[in-house]
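Chains as they are written, first to last, in the numbering used here: chain A, 1 to 302; chain B, 303 to 705.
The reader is advised that the hints may include incorrect statements.
Stated by the list, open to error - Ranges between beta-carbon positions, derived for each pair:
1. A:68 / B:637: 51 to 61 Å
2. A:284 / B:476: 13 to 23 Å
3. B:682 / A:244: 46 to 56 Å
4. A:264 / B:443: 22 to 32 Å
5. A:91 / B:365: 41 to 51 Å
6. A:4 / B:477: 26 to 36 Å
7. B:384 / A:244: 50 to 60 Å
8. B:613 / A:60: 17 to 27 Å
9. B:682 / A:116: 44 to 54 Å
10. A:271 / B:690: 11 to 21 Å
It should be emphasised that the hints constitute simulated quantities derived from the structure, not laboratory data. From the three backbone atoms N, C-alpha and C, an ideal C-beta is built for every residue, glycine too.
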Amino acid sequence: MSAALLLDVAAGGLLLGGLYALIAVGLNLQYGLMRVLNVAHGEFLMIGGYVTYLLHVHAGVDPLVSLVASGPVVFAAGVGVHAVLYRRLLRQERTREELEANSLLISFGLLFILQNGALLLWSADLRGYQYLDQPLRVLGTVFPANRVVAFAMAAIVTAWLLLFLRRTLAGAAVRALMQDPVGARLMGINVARVHALCFGLGVGLAAVSGSLLSMLFELTPFVGLPYTITALVVIILGGLGSVGGSLVGGLILGVVESLGVHFTAPDLRMVISYAVLALVLILRPYGLFNPAAHRPGQSVQA
Amino acid sequence: MGTQIGRRRFLQVAAGSAAALGLPRGTRAQSPVRIGFTLSATGPYAVGAGITQRPNYDLWVEQVNAKGGLAVAGQGRRPIQLVEHDDRSEIETAVRLYEKMVTDDKVDLLLPPWGTAMNFAVGPVASKHGYPLIAPTAASLKLAELGLPSFYGMLAQPDAMMGALAGFLKDVKRAQGLNKVAVIHVSDLFGLEQQGALMPLLKEAGFEIVEAKAYPLGVKDLTDVLKGIKAKGAEVLVGLTYPPDTILATTQAKAVDFNPRVFYTSVGTAFPFFRDRFKESAEGVLGMGAWNPKVPYPGAKAYFDAHVAKHKKEPDRWASAFAYAALQILEETVGKVGLDRPKIKAHLDATRFSTVVGPVKFTKGWNQATPGMVGQWQKGEFEVIWPPERATAKAVVPKPAWG
């Protein structure tokens, strides 16, 4: 085992981790803020992937350009879904447990509807295309070019999101609600609107991730759920409600998985990621970077 | 329960003797033959089921009904009516549905679901009730060991399939001195059995095995594994893979610039999708099993054309034709002996059939007339390249660089 190969494998994990991070940030915007656990998150990713696939194969649109379509289209769809399914649920005063349980039920329903809708529209055939699948030589090692490009795009989108959260008024409202829901409301923040924005942003980011993933992997209507689970591991790892935590968590998970798989077998990938999760939860029960960690048991009001 | 079966048996005998006496059956002669099956329309098996089995079931029913129906010995032609369900890729759901189709829907005949594990589960249900099941997508010695009385397998089994691969590799080793082999396999029944059959053959032939790794069904990434294999200098890659991972392994081998002289993947390699997806890069990729419209069997080309005409897509170059051949066998058998299931079984056991995949002869329920085969994509066609007596083209080794 040479050090060069080890570094090579770790860097490969980092590239995939970048995508994990982007998917997880989207989920975290929903769960961290609203306590709405959207198990259909991966389905929006799948839809983003299909949008890119269809645009590329039928209209010759470059997959990177298609992000401009898949992101906003799914963002708008997300705002719509929020208005129809979640707004009333969130408006009614409920306990956190009740809200989580009901939103879970809704998103399971959404998962089935989206998956089967995709199945009716596009059938279960594998869909994929070749895009930048040449090897790219960097510092003596080889990386798939499309993976490097996907990572770069994920980084750009994430940077954009961070800027949005830090530099805009809407972003400030999101952060305020994450930090202190009651205080934010007292300051006159329109909670329903911020929630709609976050839900839309969350699924929009999932769609962008899906578009990027479609450059690397084949699509079927069933690709989404495993990514939802990975994203869930990442946000718990990084801390609920912490955007930075999701980023670091995603990268860590990518690298640890890659190295773990390299030394054992791909069979153990899930075992490895759950082991990392268990370890972090034992050492830091609220995740690596949970902003609410110093307020355990705080009830979230929506 | 006992009396119920007794009553049903009585009715069957009564109906049978009525038929024997030549009593007029009136409208009953035109009542449809009801054929039940489940295929995965959703879940991980949906890809394979939707490519290899579903289009052939639909094509066959359309063809038979266009002829006026299924010829049933002694009853003339009766239209086919399908009783079908989605098993959602859940094995327990499939088992429940097959029980229901037999006991509740009381279908006349059953067709198999897709995939080794599925057939492993529903085979015993069909056999328990005496229904013949002719499976085009089951490859398992463990299944054969069950010795199910009315289960029939169309494909060459792991020992024969891996025997063919090992035979081909030995030939290449002799001619070109290839020695370092890496094997990856999907850790479900299919991959485990193929791997179990292949490894002793490779060792026996004196190959150096530089890597042997398992990966889970639904694996998302194989780059790390492939990079490791490349670093160990493998000259031959054998992937005992299922459709999504076949695509994954090929995409990622290309992306990390791993171009071994022999590149073999399993289920899915023979899909036209594979060729369309990889275009020039598909050139020289080897795959498990093989069939193409150039094979010299009666009806092969006509079947290919009919499939393209009906579905606007080509059949896959392996098990699709076996799925259609299984239906040909069923049709011929019912035409000869009717719907009496013991008679169907006796006919299946005794007859050498001529189909679009060539002669088929079941011995203890398994088709022994089709050898294990190796195929290779060459200029847009999946050529049979091993064994030599079945070959439609010569193997291209080493595989050209990824296009």
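Evaluation of the provided hints:
Against the hinted window of 51 to 61 Å, the Cβ-Cβ separation of residue 68 of chain A and residue 637 of chain B comes to about 60 Å, which satisfies the hint. A hinted range of 13 to 23 Å for the beta carbons of residue 284 of chain A and residue 476 of chain B is inconsistent with their spacing of about 60 Å. Checked against the given bound of 46 to 56 Å, the beta carbons of residue 682 of chain B and residue 244 of chain A, roughly 51 Å apart, stay inside it. Between residue 264 of chain A and residue 443 of chain B the beta carbons are some 28 Å apart, a value that agrees with the proposed interval 22 to 32 Å.
A beta carbon spacing of about 58 Å between residue 91 of chain A and residue 365 of chain B contradicts the range 41 to 51 Å that was offered as a hint. Against the hinted window of 26 to 36 Å, the Cβ-Cβ separation of residue 4 of chain A and residue 477 of chain B comes to about 34 Å, which satisfies the hint. Judged by the Cβ atoms, the range 50 to 60 Å given for residue 384 of chain B and residue 244 of chain A holds: they are separated by roughly 56 Å. Checked against the hint of 17 to 27 Å, the pair residue 613 of chain B and residue 60 of chain A passes, with Cβ atoms roughly 25 Å apart.
Checked against the hint of 44 to 54 Å, the pair residue 682 of chain B and residue 116 of chain A fails, with Cβ atoms roughly 35 Å apart. The hinted window of 11 to 21 Å between residue 271 of chain A and residue 690 of chain B is violated, with their beta carbons roughly 45 Å apart.
In summary, the structure is inconsistent with hints 2, 5, 9, 10 from the numbered list given earlier, while agreeing with the others.
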